[in-house]
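Put the two chains together into one complex, using the hints given.
If you want the building blocks of each chain, they are given just below.
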Amino acid sequence: MGNNKFGFLSLYETEIPDSYIGSLLITDEFGIPIEFKCTHAVKPTAIQKALYGDRLQPHIAIELCGTPLLKSISNQPEIVIVNLPYLLSIRSSIEKPTILIKRAGDTINLESDNAKHKEGSKERIENESGSFQPIVIQSHPDFSDDLNNIREELNMTFNNFDLVEPFDRMKKSVEILGKSDSKFK
Amino acid sequence: MIMLLDKLSFFQRTKLNIAKSVAPVKTTHIATFNVIDFEIPRPKSSSIIDYRLSHPLISQDFTFYSHIPSFSLKLLQQPQLNESNELFFIDFEQAEIFDLTRSEELVNSYPEIEKINIAIGKPLIKGKDYNKKEKNPEQKTLFGDTENNAKTKEYTPKVGRQYREENKFDEFDVFDIIFPSLQPPLGSNFNNTVAFPHPLYPFQVDGVKFLHSSNTVLLGDEMGLGKSIQAITAARLLFREGKILNACIICPKAVLTDWQRKIWEWAPELKVIKIEGDKGQRELLWSTKSHFYIVTYKTLLLDVFDRIKTDSDVRVHKKGHSVTCTNPECGQRMTVPYALFFESGNCPHCGHSGYYPDPKNIISSNFDLLIIDEIQNTKNPTTKTTKAVRSIKSIYKWGLSGTPLENKIEDLITICETIKPDIFKNINPYRQSELISAYKPIFLRRKKIDVLEDLPDKISETIWLDLLPSQRRKYDLAEQQGIIDLEGKGEQVTIQHVLALITKLKQICNYDIETSESSKLDYLLEKLDELTSQGDKALVFSQYPNETLKKLLPQLKEYNPNLYDGSLSDVQRNKIVDDFQTTDNSKLMLLSLKAGNAGITLTKANYVYHFDLWWNPAVMEQANDRAHRIGAKKEKTVWVNYLLSENTIERRIFNLLESKRSLFKNIVDDLTETPSNIKLTEEEIFGLFGLTKKKKQTTHSNNGFDDLDPIAFENFIAELFKKMGYYSQTTKRTGDGGIDIYAKLQTPTSIDEIIIQCKHKEDVTATVDVGKVRELFGVLQSNYKLKTGYLVTNGRFTNPCKEFANGKPIELIDGIRLLGLVEKFM
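Keeping their order, the protein sequence lines are chains A and B.
If you use the working numbering, the first sequence corresponds to residues 1 to 185, in order.
If you use the working numbering, the second sequence corresponds to residues 1 to 826, in order.
Here chain B stands alone, though its shape is the one from the complex (with noise of 0.2 Å):
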């Protein structure tokens, strides 16, 4: 194999490796060069140029087979003088020095060389399986994952992996940021299900398009129209066009859940941490890759504002910020307009250029999208809230606000110099057409009223909220207690035990009475400013108007709120629904579910919150039909949302019913409308709490019910309809209208009220005529809460008997059955 190398250089102290880099093959039998040049040390003034060269050294495997080959020096024309008047007769930096001599002895020296090869590197591969670690879709427990597993048959786009609360802190590098990138385009087809989780209506694809194509938007939509899943969407085209790796969402605290929730669900592949907790785990969590990052305006403070007053002495004033001069000699003040700040600038006074402040004492202040929610917070251009929003870069900046900005042109500006610093410079700010035509180009606002033919009459939404911190340590100790208490109850523990731990988790979760921390509430708070000022009206509903509803409703009353509970007159409940519906006085209506959710509208209202699930959703459509009229020509859409606190025993319930609807539907028929009436079991609503319901050995005997006299024998069937579950109690002995128990069954979706009849026989082969049944049914008749009578005895029953019951509300119990419920109950 011969080497063909064109020139080879050797300086001082420098050891020549050709071996590994340079050659393709391993054994190299001939080099050949055309030039090798020796540097030689630089010789004293006086010395004479007479050098006789080391052999030099290549490597340990090649070295020059031959004796040195002599060299002859190449001397300069005209010797030259240096700076010290010394003469030279060799320019160092600009001649040939030498030249080879000889070079044919060398080639035909034929050197040994060796482990020679020129082989580029084999690069190091880099990568990510990204099934790897794909959850299991199936459901693993009862409640385990079942919305998850709901919404992968329903709704999840495909997109090969999700990011949820269980992976959030999986370790997540750059070709985890890549993701999006790696899928295949959206498309322009929004109603693309596989690409999309849900459609978009048509407003919302113009939204979506506005905020893809341009790099400052200040989107201004009606509360309702979506602004939230618009700009989500618009962020996952960036993210999927790889314009973009990361995003940060400034939002109040009360909808920060809900904008990780919405992220999981109109862009699963893409990651979301918020940033929460104490400082410590703050900087971690900034510091964690991920492509959305959310972040309230309190929290913001805390991280970038008081950080950068810290660091970089910087104040924040109408015209820019003010900064110290980094140029420790000049040390002034000066003003960086907002547009500079960040960027590199002159010091007016001592000329010194540097960036202000500097960038790298602040925590992750730049971001590649910044969608600012609630964007009106920063129309105040001198609040800390204003000043560390504006202290972001970022190359995207969105805005989102529902409040009708248009209305006030200054907050307008101020608001639009938050997302684009420099907008109205060179504007006359008294001039509105100017000012106009400077927005406009950033700005989209639609009406509902605008919109309205795209929208259906009705949209409901539920919100996920985490409870507040003292909340969740209420609910925490609730529950632990009231799981140690029914398993402390043994035997003895009945379905309504269970269910009374439901209802008072559900009330902490609605209103926490000792700290008056609700997270629904907050949330709340923040909808109704935005919708009261587009001129909307909302209703609150609750099952809890003692435990809930009167706690909210100091605390709403800016609103002018009324409640409407079972407590009031016809007369001032009539006052009320006067009141809101035809005056403007009252904005917002608190209402008992029970009591408000039929025979009253209320059609003014645009927004119905519910604060809690009633167990049977037809109740809840039922209230919700207060402000949505059937039937009548659509003039509005009517915004139905259900607060739930994440976490929770509500969240738990929620999974259990969807799981059950979601199976109904893929079983029965994809087409068939899902049953609005699932209910749950006893077992499953013991497994609420990772309970089991005990049975019990019988303890009576089989032959004992002829020894008991009647009235033993109606506390008897007194006792064993308690233990199936109903609260049930027995009448006067006389006067009792033919009834004999009264019971009632709270189940998960109604309280059933029956009544009992018991005719005990001391003989048991003695039968009861058909005229007791009719007795029954005439009461059951009588009185239409009554859902079922029963006619209980130990003896039988004769076949009119049968006849006559067969087809209405009546159960017959005779003393075999009776029998079998005790076994079975008792």
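For reference, chain A alone in the conformation it holds in the complex (with noise of 0.2 Å):
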């Protein structure tokens, strides 16, 4: 291991409803950031929204955001890690693993988000010093490979830091831009 890059994709509602920023963070191995790009707010309107239905979110966090990001960094990560279900679809366009973390306990149900998927590979890891709650991986369920790939990798990188918690930094940010910026909000 060694000079690894993890990339955390992600969409945040802002403290507007119904307006989205898309955000990616890559850090290195120590969860150190190297580079974060994240989206102006997208803000669909009342008919877009009503067009859309359910799939409104899943088609702003892929098409319009995740994969634009992915495209735009510089640093390319080699494991992309997301937090919310239907941003493992990304995996189907990208050619990187692609895994869903959760904290373990909480819930991680692909069914429930939409039931017509089937579910992909699940995993528990455990941090050896015990000072992060173990996290449950989950990869897409037609790329079921990718957690063989990288279960080493995410083992010995979760001794290092949480990998839940790189959402909270993103998440805290997108607040602190969207003070700053009225095009974050």
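Don't take every hint at face value.
As the list claims (entries may be wrong) - Taking lysine-lysine and the BS3-like style, the derived pairs with C-alpha atoms no more than 30 Å apart in a straight line are:
id	chain 1	residue 1	chain 2	residue 2
1	A	Lys-5	B	Lys-122
2	B	Lys-289	A	Lys-179
3	B	Lys-636	B	Lys-732
4	B	Lys-785	B	Lys-722
5	A	Lys-183	B	Lys-289
6	B	Lys-122	A	Lys-49
7	B	Lys-132	A	Lys-5
8	B	Lys-132	A	Lys-171
9	A	Lys-43	B	Lys-122
10	A	Lys-171	B	Lys-243
11	B	Lys-243	A	Lys-43
12	B	Lys-458	B	Lys-209
Said to hold, decoys possible - Coverage of chain A stretches by chain B, computed from C-beta distances (three or more under 8 Å per stretch; other residues unrestricted):
id	stretch
13	23 to 34
14	68 to 81
15	88 to 99
16	138 to 150
If you are wondering where the hints come from, they were derived from the structure by calculation, not from laboratory data.
This structure is a prediction, so every number in the text was calculated from the model and none was measured.
Ideal placement from N, C-alpha and C gives every residue a C-beta, glycine not left out.
Here it is as structure tokens:
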């Protein structure tokens, strides 16, 4: 291991209802930020919301934010980590192992988010020192090998830093951006 | 593709373009509408309501395919009168004007609609590659970035990017502002060197938590306990948590650079800007985005208070700020309490509501965090300084002071009001218990004695200071001229010439005799004020008693200092030491490093200040031990401060020695103690000024020694040693005690005194016997200052001679070796 980069991808709803910001944080294997990109706020109109229905957030998260964000960054990650079930679908359009991550005990059920899809491989990872709560990772159902390919990597990295925590950092940073610039609201 | 819309409205002069923003697909064949509204012009009162609508224009690509549908009016049930008693049949404000008829015909007409989509627009992507501007951590030149290089290996916490002098004007945008928030959490383990550059003492951890937990804090720890690093660490926690985005530090000028360096060291991911320069430069700096702004009290007066006064006619008095009502029709003066300054309020004369004064007139008056160092400067509420500080609005306000404020309750009250204006609201000022209970929650003070167990015996710190303006000009001129002079000497330049220039420059760094400017003296005065007020004493060392210490003396007279140098008799020395050790009369002693570094006990001193660095740190350690009694039961901690000037020869020498120490440490063993006597080579000393030592061609013939007489040979050897960098002098021809030449060599770490005995031989195959070596050794033993004895001949040495010299401080130079030295140095 060494010099590996991790991409944390998520979609955040701003303080304004139905306003979304996609963000991507690239870190090294110690969680130190290398690159951060985010989108201006996406604000679907009422008619768009009605027309897209349940597909609105996945459409914004993947087509409008996730894929362009991953294309735009200079430091390409070896692994993409997402915290929203529907973001796993981005795996179909990128050539990088992608996993959904949640704290063990938190709800993680793809079926509830999209009952029509089969569930991917799921696995629990413990932090050896006990510094962080265990996590559960899950791959895209069509890319079950992802877990096998990155298991060792994630196990080692989880000893360095909490793999769920970067999403909190991004959320906090997006909130600060919103206070500084209305385009991020 | 079918597009289903519920309602479509047309208004006068409105073009409806639904092609780009509404439809999810590029081609739509059918559009259906349940309702279409049209606006009609207001009819004249007498006109008959009979409209024929023109064909509505939707877009170039989207028009009604069929003929205009007909519409029927929906009239109100009852005619109404307007304000002019005119009769209206239609209420334009409320009524649904038209009903769509013949909708079936419209739908069945299958209108052609092209290029319609309702895709949500793709958002712009913003952000930053934080690795992009990272400097190459490798040392590029001998002096480039050596300090940072060393620190990267030893101290620097892992943050991804650091701010330093060289990148302070780099582009800095909102994504740099959020950089700390993107860092991993610091956690609560303050000994974690990945997150923190150095471990904090337990009491400092308590201090950090106290600061972090409160918006208003007065940290009153005694001097030396690390108030500034506690404040920086607490601020760093807030930055990481995203609770603050900027902070302003107000401090005395003497410690401006020190604050900057401490932030670089303790919060490397945070950018810091010193507010300095002329008005234009300062405005530029204020408007530059940064995490930290450091400003002196004096500059604050210029940039905030005077601005307020000029723009808003503000007066400050004990009850608050007196301002003029912003209502031009009123213009009366009114008093705004400190707490309401920059808040909205109502004028008591006219009731006008407004901000006092107008915030737009103030330069950067609002911060998330305000750190007021030496906050006792605001103890008088009527001074301009206090007014300026109190005018700054901030979410967090932390005051720092080592002065024992609890001894002067009236000072403590006004200082507390600086950070929390309403703290004593409804408190009886004559009831001390009420006052104490009011300020206690925000006040934390620890004395050295309270935390002695946490502290080591000795705490050393290097303080980097900027030269004052005149000092800087003088220094730059002296250095430039010195280098020109050295270069002008060509091959004649020796290490002594370079050392002389270094000495001159170091003396300017200490004190500019012409202007009496000294940033080191300013710093010392700032600290003396604090340390003497808490009952402590200090020692000041310099290797230049005449050029530095005697110049400082008159400016330190309020502390009743004594000068301890080599000119004193034993009686005078004892008196000075007794005075310092046994009375409260003298709080400060200035000592020549050579005279005062050994043999005296000055354990009443808690603080030691070195105005300059001696080449050999061991000598300075000896000096420090005057105050720090080794092996005794621990009764105190000694703070040793090395005052050095930034961007001067002092920095270059420091960096070079540090990099060599670091190299030693990394190569040999991390656990091995770094030797204190690491030396600089001649090449390195020349390199301090970008010079290279020039080597000469041999000028003496290899076989010429036998032609010389003994006296000429001695002179020749003396000249040779001069070329080798020594001060050499031949002795008298008679009664020389067996010594022909005395010589001294000033090395980076010491002065080596040597003696040379010359034995000239007419026949180069002749030998020097052991008796001459014994004689030389006898002289060496009689004088402990002599480091080495040289026996030089153009002939050879006998074996007993060599055996005797072996293991003794004697160097034998025979004819062959002598030729080699001549070739190298002459």
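A quick look at each hint next to the structure:
1. A:Lys-5 to B:Lys-122: Given that 30 Å is the threshold and the Cα spacing comes to 26 Å, the pair holds.
2. B:Lys-289 to A:Lys-179: 15 Å, holds
3. B:Lys-636 to B:Lys-732: 55 Å, violated
4. B:Lys-785 to B:Lys-722: 20 Å, holds
5. A:Lys-183 to B:Lys-289: 19 Å, holds
6. B:Lys-122 to A:Lys-49: Holds - the C-alpha atoms of A:Lys-49 and B:Lys-122 are around 15 Å apart, at most 30 Å.
7. B:Lys-132 to A:Lys-5: 15 Å, holds
8. B:Lys-132 to A:Lys-171: Since the Cα atoms of B:Lys-132 and A:Lys-171 sit roughly 24 Å apart, the hinted pair holds (cutoff 30 Å).
9. A:Lys-43 to B:Lys-122: 10 Å, holds
10. A:Lys-171 to B:Lys-243: 13 Å, holds
11. B:Lys-243 to A:Lys-43: 27 Å, holds
12. B:Lys-458 to B:Lys-209: 25 Å, holds
13. 23 to 34: holds (count 8)
14. 68 to 81: holds (count 6)
15. 88 to 99: violated (count 0)
16. 138 to 150: violated (count 0)
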